[in-house]
Amino acid sequence: MSGKEVNEPEQIERKIVTPGDEVADAGFKVITPNTIYVKGDKYYSLVVGLAKKDLKNKTISIIPLEGYYYPKKDDVVVGIVTSVGLTSWEVDIRAPFPGILYASDFLGKPVNPAKEDLTNYLDVGDVVIAKIDTFDRTRDPHLTTRGRGLGKVKKGTVIEVSPVKVPRLIGRKGSMQSVLEGETGCRLVIGMNGRIVINCPNQDAEEILVLAIRKIEREAHTTGLTDRVKEFILKEKVRRGIISGR
Amino acid sequence: MGGKGEKPKLIMDDGRRHDGRAFNELRPIKMEVGVLNNANGSAYVEFGKTRVIAAVYGPREAQPKHIAIPYRAVLRCRYHMAPFSTDERKSPAPSRREIELSKVIREALEPVVMTELFPRASIDIFIEVISADGGTRTTSLTAASLALADAGIPMRDIVAAVAVGKVDGVLVLDIDQVEDNFGEADMPVAAAPALDEITLLQLNGTLTKEEFEEGLELALKGIRQIYSIQKETLRNKYLKVEVEE
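Going line by line, the protein sequences match chains D and X. Position 94 of the first sequence, counted from 1, bears residue number 94 in our numbering, the numbering being contiguous throughout. In our numbering, each residue carries its 1-based index in the second sequence increased by 246.
Bound-form chain D, shown alone (with noise of 0.2 Å):
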């Protein structure tokens, strides 16, 4: 994006932005509260980012190009265990804030202290895949690994990608985890915290995952991204001889 990209029919203006940019004035509707501050009538960037802004219907956004990752209510997060309590553990989910996971949650049952070690079910150092119960900023997020998919990981691996790069993984309606999936066989679940447990068949198709995953975090700022990847796992299983060239 060469500074300025007026697209003629939508009337959406796309530029990158840095803190402290005059974005808008008053009169537009803002999307992304958390990126965008108001000074008199003008609306400001609070962070480097993409803006968008959509002059038909008189909104603007701004996406994040780094950042933290900030709990919210529903989303799941991978966090690895950081201590262990009487009853409860300490996960660590990458954000300002630890999560705290109840052993009566994780077990499904009530839990005497008296009777159990807790390091038993999670140790430190063990990965969970858990969902954000409850969260709001006067205390610690809650986890839950009450639903399908969630609770201990046994076996994959680990990865970290900024959490702003997140929504770029998963793509629209999913479209970039299915060709990654697709491609390459490995399944992905991917936390909103930034975090992605991979389960590979074979060890070059989790070498091609993780360069795949990389271009993605590289590139999230630029369009056409998912065809580019497609394009890029093709040409690296040729390259490993996984199949014939053309």
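Mixed in with the good hints there might be a few duds.
Derived pair list, reagent style SDA-like, types lysine to any residue, alpha-carbon separation capped at 25 Å [said to hold, decoys possible]:
id, chain 1, residue 1, chain 2, residue 2
1, D, K42, X, S474
2, X, K467, D, G40
3, X, K483, D, I170
4, D, K42, X, F372
5, D, K42, X, R402
Distance ranges between label pairs, derived from CB positions [stated by the list, open to error]:
id, chain 1, residue 1, chain 2, residue 2, range
6, D, E116, X, K276, 55 to 63 Å
7, X, K311, D, P113, 16 to 24 Å
8, D, L55, X, S474, 24 to 32 Å
9, X, D333, D, N199, 51 to 59 Å
10, D, K39, X, D259, 44 to 52 Å
11, D, R14, X, A328, 53 to 61 Å
12, D, G241, X, A328, 46 to 54 Å
I should point out that these hints are in silico values taken from the structure, not numbers from a laboratory. Beta carbons: idealized from backbone N, C-alpha and C, even for Gly.
Given the coordinates of chain D, assemble chain X onto it according to the supplied hints.
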């Protein structure tokens, strides 16, 4: 900071400074973001022979827990000069001066960082001066605000800083070590241009009221130049990727 020795001539006969700059000219500036892999955000800034690396970690859980504030994030800052950054080896232990500068830099950044979004968390800034040739606090501040933006931390604006000095009776912009040592005054200024706010103002030496006003104007002009280089640097990180394709 090095022996003082004989006072050299600071303003040449043609009105230029000892290094050939005009009175309102900045030193050659170089900036880069994302220089460190393990930090959430980082920046390298060079003003002539003054070179600084800044790293930002966070927002993360505040450690130790008792420093956490219930309604906002704590901003922590460490300014440190590397032992090899000066002419004579500097002890790596934090000196009185470094502790003070850490505080001053933190307070200059607090007005722009949206700390209220992260209750109980901490945002940590580490600044390492690699090479010191005057104006390290302003260079550090410039690097620290770039690193904060690179970490994706919400900020109302980017802070840029520069010092104005009075040498041989002339007000000059962006003074270096020699001009600082033998000049009559040194006034570091930091501002957030879009917010139209000054976040740091110090003065060492004496200026008349008129000189002060003129000096401040000179500094703000310099700050606007630095500010546009900062924004350019942040944008370039992404524009470059597209060129690769």
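Consistency of the hints with the structure:
no. : hint                        : in the structure
1   : K42/D x S474/X              : holds, 20 Å
2   : K467/X x G40/D              : holds, 24 Å
3   : K483/X x I170/D             : holds, 23 Å
4   : K42/D x F372/X              : violated, 33 Å
5   : K42/D x R402/X              : holds, 13 Å
6   : E116/D x K276/X: 55 to 63 Å : holds, 59 Å
7   : K311/X x P113/D: 16 to 24 Å : holds, 23 Å
8   : L55/D x S474/X: 24 to 32 Å  : holds, 26 Å
9   : D333/X x N199/D: 51 to 59 Å : holds, 58 Å
10  : K39/D x D259/X: 44 to 52 Å  : holds, 48 Å
11  : R14/D x A328/X: 53 to 61 Å  : violated, 42 Å
12  : G241/D x A328/X: 46 to 54 Å : holds, 49 Å
Consistency note: the structure conflicts with the earlier hints numbered 4, 11.
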